[in-house]
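J.: Each residue of the sequence shown is one higher than the last, beginning at 3 in our numbering.
What the hints contain is simulated information worked out from the structure, not anything from laboratory work.
Just to be clear, a hint being listed does not mean it is correct.
To be verified - Pairwise CB distance ranges (calculated): (1) P111 to V33: 36 to 42 Å; (2) M3 to D65: 19 to 25 Å; (3) E97 to R75: 26 to 32 Å; (4) W107 to N37: 38 to 44 Å; (5) P113 to P6: 16 to 22 Å; (6) S83 to P113: 25 to 31 Å; (7) V33 to D65: 22 to 28 Å; (8) S123 to D86: 16 to 22 Å; (9) S35 to P111: 41 to 47 Å; (10) V33 to N100: 43 to 49 Å; (11) E132 to S34: 15 to 21 Å; (12) K50 to S129: 20 to 26 Å.
What the hints assert, rightly or not - Each computed EDC-like pair below joins lysine to aspartate or glutamate, with the alpha-carbon atoms no more than 20 Å apart: (13) K50 to E91; (14) K98 to E112; (15) K50 to E112; (16) K14 to D78; (17) K98 to D78; (18) K98 to E132; (19) K50 to D134; (20) K14 to E112.
Fair warning: this is a prediction, and the values are worked out from it, not measured in the lab.
Glycine included, each C-beta is placed from N, C-alpha and C at the ideal position.
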Amino acid sequence: METPYILFQAGKINFLVLMEYVDVIDRAGSVSSQNIPVYDFAGICGLKKNGGRSSYALLMHTDSCRFGIVSDRVVDVVNISDGDILSLEGPALWEKNNYLAGVVWTGNPEPPAMYYIDVPSLYERVSSSEPDYWF
3 METPYILFQA GKINFLVLME YVDVIDRAGS VSSQNIPVYD FAGICGLKKN GGRSSYALLM
63 HTDSCRFGIV SDRVVDVVNI SDGDILSLEG PALWEKNNYL AGVVWTGNPE PPAMYYIDVP
123 SLYERVSSSE PDYWF
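Construct the complete structure from the given sequences, taking the supplied hints into account.
T.: Quick look at the structure:
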């Protein structure tokens with residue numbers, strides 16, 4: 003069975019978020035009265051932002067909160083079979099990137115992989131930081 007994911011880029015790397023966690027995709031820097039913290043995902047990952055591209059905010063939820071991340075680009079909605087996601091473990095994961103739950107190999111030279119993000123773990127990682135802005 004295939005599951006829909008939002009495919010987005012940060013620092014020229016592809017990432018996946020389960021579509022069921024995403025509430026809204028909007029231009030980064032947009033303001034609302036909802037008071038949702040938004041974090042720069044490239045900065046969280048220690049990646050350099052793609053220069054000159056528009057940024058987008060993915061506003062998401064977990065069972066206990068709402069928050070957002072800024073991406074360089076939202077690419078598409080992709081359907082992926084659970085069997086195509088390979089687990090990441092051991093030396094590939096450490097406290098700063100333990101929100102990465104898996105990888106999907108694309109079979110293409112550029113980009114070779116898409117990294118699957120566990121949204122509740124990502125919130126745990128960013129929640130102690132000051133947000134870049136509030137939506």
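J.: So, against the hints stated earlier in the document, which numbers end up violated here?
T.: 6, 10, 13, 14, 17
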